[in-house]
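**Q** Since the structure of chain A is provided, determine the placement of chain B on it from the hints.
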Amino acid sequence: MKGTLSRRHLLKASLFVSGGMLAACAPKVITETVVVEKEVERIVEVEVEREGETIVVEKEVERIVEVDRAAERAAEFTGTLVWDTFRANPPWDQDRLDNFKNLYPNVEVELRMGVADQQANYGRWYAMQAAGDLGDVVQFDPSHFHFWLAADNNIIIPIDDLIAADDYDITQFYDQFFKMSEYQGSIWGLPSWGWSGTDSIVVNELVLEEMGVTDIPDPQDFETSWEQIEEWIAKAHIASGDRVERYGYQFAGGEAGFTIQSRFFGGDFINPEGTQTIFQDDEEALRGLRWTYDKVVDQRFTPVPGALGEGVSNDVACAEGRLAMYQGGSLNAINADRAVQDPNVARIGVILFPRRPDGRIASQLRGGAWQVSRSSTIPQIAFEFIKHLSSREGIFGFNMYGGNTSLVRPDVMPLLMAQMPLYRHYLTNLSDGIGINAPANSRGREFTDAIGQNGAALMDAISPVPFEEGISRLATEVQRVLDEPPA
Amino acid sequence: MDYTLESSSASGRLKRRVSPIVLRENKYGYLFLMPWLIGFFGLFLGPALASLYFSFTRYNVLSPATWIGPGNYVRMFTQDNLFYTSLVRTLYFTGLSVPLGVLGSMALAILLNMEVRGKVLYRTLFFMPSLVPLVSAVVLWLWLLNPDWGIVNNALRSMGVSPPSWFGDRRWALPSLAMVGLWGSVGGTRMIIFLAGLQGIPAEMYDAAHIDGAGAWNRIRHITLPLLSPTIFFNTVLAIIGSLQAFQGAFVATEGGPAYATWVFGMHIYKHAFDYWNMGYGSALAWFFAIVIIALTIMQQRLSTKWVYYYGE
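Those sequence lines, one after another, are chains A and B. Residues in the first sequence are numbered from 861 upward in steps of one, following this note's numbering. Residues in the second sequence are numbered from 31 upward in steps of one, following this note's numbering.
Isolated chain B (complex conformation):
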């Protein structure tokens, strides 16, 4: 960097003079930053702050917003029975998706980190489902899981199992959605991050453990898992946030049904904001949920000190 320092005669403070070349570079730098900054202020921060204001109003987009104070927040806890229903559905979905998703990705990454023939091909094959857009994946799985003549139920019947109706069954609709999500996510980016984490574990640790007589399971338990814990933590945080925000799958596959079985919180927000035009109430729901997600993330951050091990610190 090309800085020159000069003394300020009045205050004695140091002033920094930037050379014209750096100045020109900075201008270009800021120019290139502008699209992001405009997007951030205009398309994110502005609307986010507006929605915070709307959450304290009665607002249907078509008429001016009317200030009602905390009325929307009171309503969600005291009058909206679907508020609790959607929360429970979302937590259930998260409880299904996150452990299976994170463990599945990690197990897959461990397998694909082994020296086996065709490793690259396997990695590619497992990664491919994550490239399929969720909407397409859902439509595909709706056919596969057709209760009458879907491939899955035909296979189950041939094994003597009485198959469920999947998306058509209140008890199975949400697990079906979780299953579709897992199909697309287990071998995706999360697995790649785990692979990167695994490859960052020094090989000599495994060698030393091997010499000391540690078996495969002990090497995983005492070396892989502790040294992979920052990656597990990172992936878990992202997986929880992603699962809590689940919406697309439920919207495409079942639109919240049957009988509210897949009425997740994202669906509840969407319905109020963009279908019922209760934009004020929808904003309040969104802000409540944002706070829940932030609180959960902070809680995880704090809990992480008890189980996440940063090698070298």
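Bound-form chain A, shown alone:
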């Protein structure tokens, strides 16, 4: 009948509306690219005429400031730069936005804050990328193994041209952190956060004093031995039956923790190409993992998972006097120091791992980078912004207000050490740390889970497995991931 809305018509209408909704979720096609050139302060060679005698022409390098055309153009640019980032770092993020706004008054920066758990953001960003809604400035971090995936899938762009056009000084960063963003012969980002991993033992110095170790020398010159550390751990552990009053030690689990343990004496976990596990056949690597296994499984100096309390980190437990020492790095040491409530309960110090035969200290560089997304229509402005984030002031603020650890710039270290002397312990590894060996197939998350879960089985003090069996299983399962096709 005319005018009747039949069920069939209604279902059709629903389908159209639903289809329209789904289509609206489809990726946007980016067709326009705005190119804005940029030049900033640079050093030039000039000819100078000297007075007296004969006229001499000599070359002299002089610092001059040219007209900043890009700034002029940027000032003309009216638009919105979208910044997708991790967590709230107030007031650091607002400070950066305000500063940038002063430099580029016509550029609006929209800050889209993710959740605090860094790993939880990547999924959201991939979905945003698929929907064509990813921001101009993003952060797919090498240490979370998302950088390579983002590069392979055309989510971010190389910034070599932007760096060259800008004559940007890349030596302002520690080389090893800058190079974390090198891939396929290109540079893909500027360092954001960075530290040298859990490359030390964070310690409650009051516990050491309790044991008669009253004068803890500067860790930079302080050579200790694994045997000495073992002795301190054993003495620091206080237990009665199955009640533990104070744990002697806690190891770092997960991919970075196990990798560093395998590097304690000179070995490694996987090969630099990221294709093979090597720890299972490497005597030095096994020695390092065995050292931890002894503390965890045989001697039971470590808390079982969850024993410190839900959400209670090693940093907090150490600051509360419940954990004497633990495998940690600068980030942990600073966090523990900040967590100390009662100076009579804890005073945080650091013992560097004993040097390996090659003179280096076991570490695994950890770091992130600010990147420019491929979908950005204003890559030059985005580059200006990431320079702004990674500048001396940006990085200093990132540490001091943001509560993060970004030790990627040598010029920031004196400022940080003046605020917190604990930072000085890590200077060696900031310039000579050991890099990250990433899976060649970009299956970082599977890699991380395989190490985390099978590593937990290896270091299970409640239902122990023999060391060799745990190692064999860990190697098999991690290799299974490395053998998978590229992500």
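Calculated from the structure, these hints are not laboratory results. It cannot be assumed that every hint is accurate.
Listed next, the stretches of chain B that the computed footprint assigns to chain A, with coverage defined by at least 3 CB atoms under 8 Å from CB atoms of chain A [as the list claims (entries may be wrong)]: (1) 91 to 98; (2) 196 to 207; (3) 259 to 273; (4) 293 to 304; (5) 319 to 332.
Cβ atoms here follow ideal geometry from the backbone N, Cα and C, with glycine treated the same way.
**A** Just chain B now, kept in the frame of chain A:
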């Protein structure tokens, strides 16, 4: 309903003419239905069909999907060792949760159906845990079950029992999750459904049995259980489906650990689809599991003819 019938001159068929009032009412009816229909097609059926397609592809969300036929299904049976691990964990979890959960809810409902003082208060108290979101409940129980200083282990120690490490122990992690789930579900909606079922049993049956000399146990066995069997069946089906889909608790409490101890099938799907970005493979796992759940439900439906008694049929 306001229908008028008229004869069709051509075919002789009856045509139905709807009055303008009914037509207007229908339009509003359909208008109110639209949000659900849009949700059903746009947010459920569309994505579900898309995932069926993706299950036959290699798809990481970031690049176009590549058709690989049944490759993902072959992979799960032949190459993915965690596929079997997660299945076993899930079945174990279901085997723990469902019998204890259904029997617990039923026992509680029988108790709360008795004429006791403060019955309403008890019903409220037992129902309250089900109002706590699972995530909050898990976090709460992580504290209660802390191996070193949790209330539960302190109590066990005071009784001379050497307590387990619960979520930190590979052997106890999954039972701990089941326990948290039971705390929230035994006194919840399932108990209310049982109560409703119990109150639907005619009182005269109990009276007759009582006069005939049946004791409490015999009344439960020969009257309550048979007449409650449709409710038991309904609750069991829902409990099995719910347990098979377990994910939240494992994700919040242990993220599948320690050492894969709580790596349930839901976790396996989630990891592949949203953490490893193997969306094609994750879709295949999801469809395999959907088929398993449907098959189990059909099997239960068929078996129910042997033990479910519908009073009055």
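**Q** Determine for every hint whether it applies to the structure shown.
**A** Here's how the hints hold up against the structure:
| no. | hint | result |
| --- | --- | --- |
| 1 | 91 to 98 | holds (count 3) |
| 2 | 196 to 207 | holds (count 6) |
| 3 | 259 to 273 | violated (count 0) |
| 4 | 293 to 304 | holds (count 3) |
| 5 | 319 to 332 | violated (count 0) |
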